[in-house]
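With chain A held as given, fit chain B onto it using these hints.
Same order as they appear, the protein sequences are chains A and B. With our numbering applied, the first sequence closes on residue 434, and no number is skipped along the way. With our numbering applied, the second sequence closes on residue 434, and no number is skipped along the way.
The set of hints was computed from the structure by calculation and includes no laboratory data. None of the values given here were measured: they were computed from a predicted structure. Watch out, some of these pointers could steer you wrong.
To be verified - Simulated coverage check for chain A against chain B, where a stretch passes if three residues somewhere in it have a Cβ under 8 angstroms from a Cβ of chain B: (1) 33-42; (2) 101-109; (3) 116-125; (4) 261-267.
Said to hold, decoys possible - One side of the interface only, derived from the structure: several residues of chain B facing chain A at Cβ under 7 angstroms: (5) Q10; (6) F13; (7) K39; (8) I55; (9) I57; (10) Y72; (11) W75; (12) N105; (13) A112; (14) M115; (15) G118; (16) K145; (17) P263; (18) Q287; (19) I288.
Where is the CB? At the ideal position from N, CA and C, for every residue including glycine.
2 protein chains.
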Amino acid sequence: MKTYAEMNEQELFALKAELDEQFKTEETKGHSLNMARGKPGVSQLSLSMPMLNVINIDSDMHTLLGNDTRNYGDWDGIGECRYLLADMMQVKKDNVVICGNSSLNIMYDTVARSMALGVNGSTPWSRLKKVKFLCPVPGYDRHFKITELFGIEMINIPMDEHGPDMDLVEAYVNGDDSVKGIWCVPKYSNPTGITYSDEVVRRFANLKPKAEDFRIFWDNAYCIHHIYDEIHDEILNILEECEKAGNPNMVYMFASTSKVSFPGSGVSAIATSLENMEYLKTCMTTQIIGHDKINQLRHVRFFKNIDGLNAHMKKHADILRPKFEAVLEVLESELSGAGIGTWVKPRGGYFISFDAMPGCAKAIVEYCKKLGVVLTGAGATYPYGKDPLDSNIRIAPSFPTPEEMFLATKIFVLCVKLAAAEKLLGEMGDAAAE
Amino acid sequence: MKTYAEMNEQELFALKAELDEQFKTEETKGHSLNMARGKPGVSQLSLSMPMLNVINIDSDMHTLLGNDTRNYGDWDGIGECRYLLADMMQVKKDNVVICGNSSLNIMYDTVARSMALGVNGSTPWSRLKKVKFLCPVPGYDRHFKITELFGIEMINIPMDEHGPDMDLVEAYVNGDDSVKGIWCVPKYSNPTGITYSDEVVRRFANLKPKAEDFRIFWDNAYCIHHIYDEIHDEILNILEECEKAGNPNMVYMFASTSKVSFPGSGVSAIATSLENMEYLKTCMTTQIIGHDKINQLRHVRFFKNIDGLNAHMKKHADILRPKFEAVLEVLESELSGAGIGTWVKPRGGYFISFDAMPGCAKAIVEYCKKLGVVLTGAGATYPYGKDPLDSNIRIAPSFPTPEEMFLATKIFVLCVKLAAAEKLLGEMGDAAAE
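Bound-form chain A, shown alone (with noise of 0.2 angstroms):
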């Protein structure tokens, strides 16, 4: 099979006669399926109704301490929430602090008490000349659209599938002191899905940032999202293996339930070392009498322990898997060989991240718009939505059902195709012209 970039002028226009004829008939259809959003489908939100019972009006209302989860007190969570997050961050539990319902909070709160107030004592970044952040890209939107409200510049670190380009991310960080963070997901990273290797993971921990205020924002969103019962990734703890490098400090995990029970009403959780977490209990003990304690409650009573969890989300794994898979299935057989996109296989998360030929994303997106089916928008996964190749497109399964996941998909690889034929006629339209 030829590539498209091997095709002569001629098959290519024979090629792109035929996707139009296809595009057509698609626009017929009136297709509305949207592949946007990283959303627990209705089923996976099903497993946990039940949690819904756990606490009713004859209940328990205490903590294994005693106290009433009714009312005020217990401002870093009540205890068996903390062994139940720290068992599910794989950290101890007098590192974790129980916060709202999520994690996207937590981070916001803690770039926007930095910019305040700075860090542990610090000059506040807000009175700072410049505050940069290093980006790993593609990376999460939601990350960078923190950063950008505060105005801290972003720079774009490239990832490869053991993480972040960390020669990169080391001279930055040890030659740069206004460099005060960076963003990442380190295990079934968004969306590129892939885990954070050993070594990567060991020289973030050894890190000599030249900023004593410097921060990993360690979003651990998907510690337990597996897709695989047999292949689990597995990372190094960032907590330990800072400690053992002497950055006992340099780090903030984050993490919630959002995607185990229901987004919007789970459990999140900052954990870090003991000295960050005194700084914080100072600023968090000022900022709330405590979180939603029930809400904690209900969560340990429905779960027990960490084998509760794993059991449920070996439940969400099944379903997730045959979304997954379908996605794969179509890109397997109808771009293999054809050298206009790359992608790669996750173990667990939630994305499908998908290179383009560079500058047909933004092409993709919008013809995948008029057939009806609904992306992320191009660029979104790079900070200011600005990605210089014009070729990331994350693709989001969990929602819709299997079948529309494959007709998606369908759709997804005839704009791809249309896209990337368009732009190889085009550029030989320029050559001959010159």
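Showing chain B alone in chain A's frame:
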């Protein structure tokens, strides 16, 4: 009856000897009573237990508009909950954003956002040399802790039975552009229990702030928290009054159901002008995807509407009233005419504010502690914990039983008397030594 100040030294010595005896007797009893924090009592919490059954495995989890409350979405809250809290706050639904479990957290966020980002595009407060807040005193300690954390200078504004001293407020706000905010608990004020008069509210609305980013922080914490059936304080709608006065953006109103349903597991809201909302939306949609909509649904399905809220609060009042009356009865019978303390009989809210003879508050709190009665620290109702007269003590009657409150207040008045007698004797000694 003679006031303490009218007694001669001999009378005071005799009195003190008697009080010392009583003190010793109480000391042997090993009391363990707490009048410190405004926590609902267990019987109040029990009123809301049926709410926990309202949402269960069989519930339709969709909003009236058909959105699934279990999934992401609705950053500003589900419509029916916005209506419910709008009615509670006596504002319009379109001016309301439902947030998490804590209105204190919204206030903190609002200050933090103003520090780091400014107000609707103004210079971030953290970049200014000086930022000041006006603090009507006595007031709510947790308000003052927020502004203290952010290094905002706090200025005491005396309160009387109509509200803050508006001559002073006008002089500061209209004359000093570093004055950026004022903390208010306008209804059943914490701790004095008074409600701002119509004139005070109108003077607030008609301020002509020198700083365009000046905002009134209107903590409507006790909007439906009446103690008596027959007498409800009413307050003018500050949003409407500000609009009438041409100052539509000057106020943020806050409220929550922390003392309606469950502290820590309620829902909170901010109400403000549509222009302020636009800016909040930019920031809040970066901060979080959405708050806990299942809990919002739980509240709406349980309370149904403002009538449901009011009926529920009547039950709270029935529980709270005897506790307040126990305190007032003892104060009245033991201290009337003694000239060593004043208090206001509140018609709502959570506190009774007691003004001891100047220079006595710390001593009273200390004596109470020795007798096993915990009070809010003296000075807590003032910025920086510094009551310039060392006079104000906040009594929180809500958590103990009426019998416990009766007993605790008996001990309290004993300590008030003892501190006053010692104070006067000390002054006589000083005068004699001169």
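How the hints compare with the structure:
no., hint, in the structure
1, 33-42, "holds (count 4)"
2, 101-109, "holds (count 6)"
3, 116-125, "holds (count 3)"
4, 261-267, "holds (count 4)"
5, Q10, "violated, 48 angstroms"
6, F13, "violated, 44 angstroms"
7, K39, "holds, 6 angstroms"
8, I55, "holds, 5 angstroms"
9, I57, "holds, 5 angstroms"
10, Y72, "holds, 5 angstroms"
11, W75, "violated, 10 angstroms"
12, N105, "holds, 4 angstroms"
13, A112, "holds, 5 angstroms"
14, M115, "holds, 4 angstroms"
15, G118, "violated, 10 angstroms"
16, K145, "holds, 5 angstroms"
17, P263, "holds, 5 angstroms"
18, Q287, "holds, 4 angstroms"
19, I288, "holds, 4 angstroms"
Hint violations for this structure: numbers 5, 6, 11, 15, all remaining hints satisfied.
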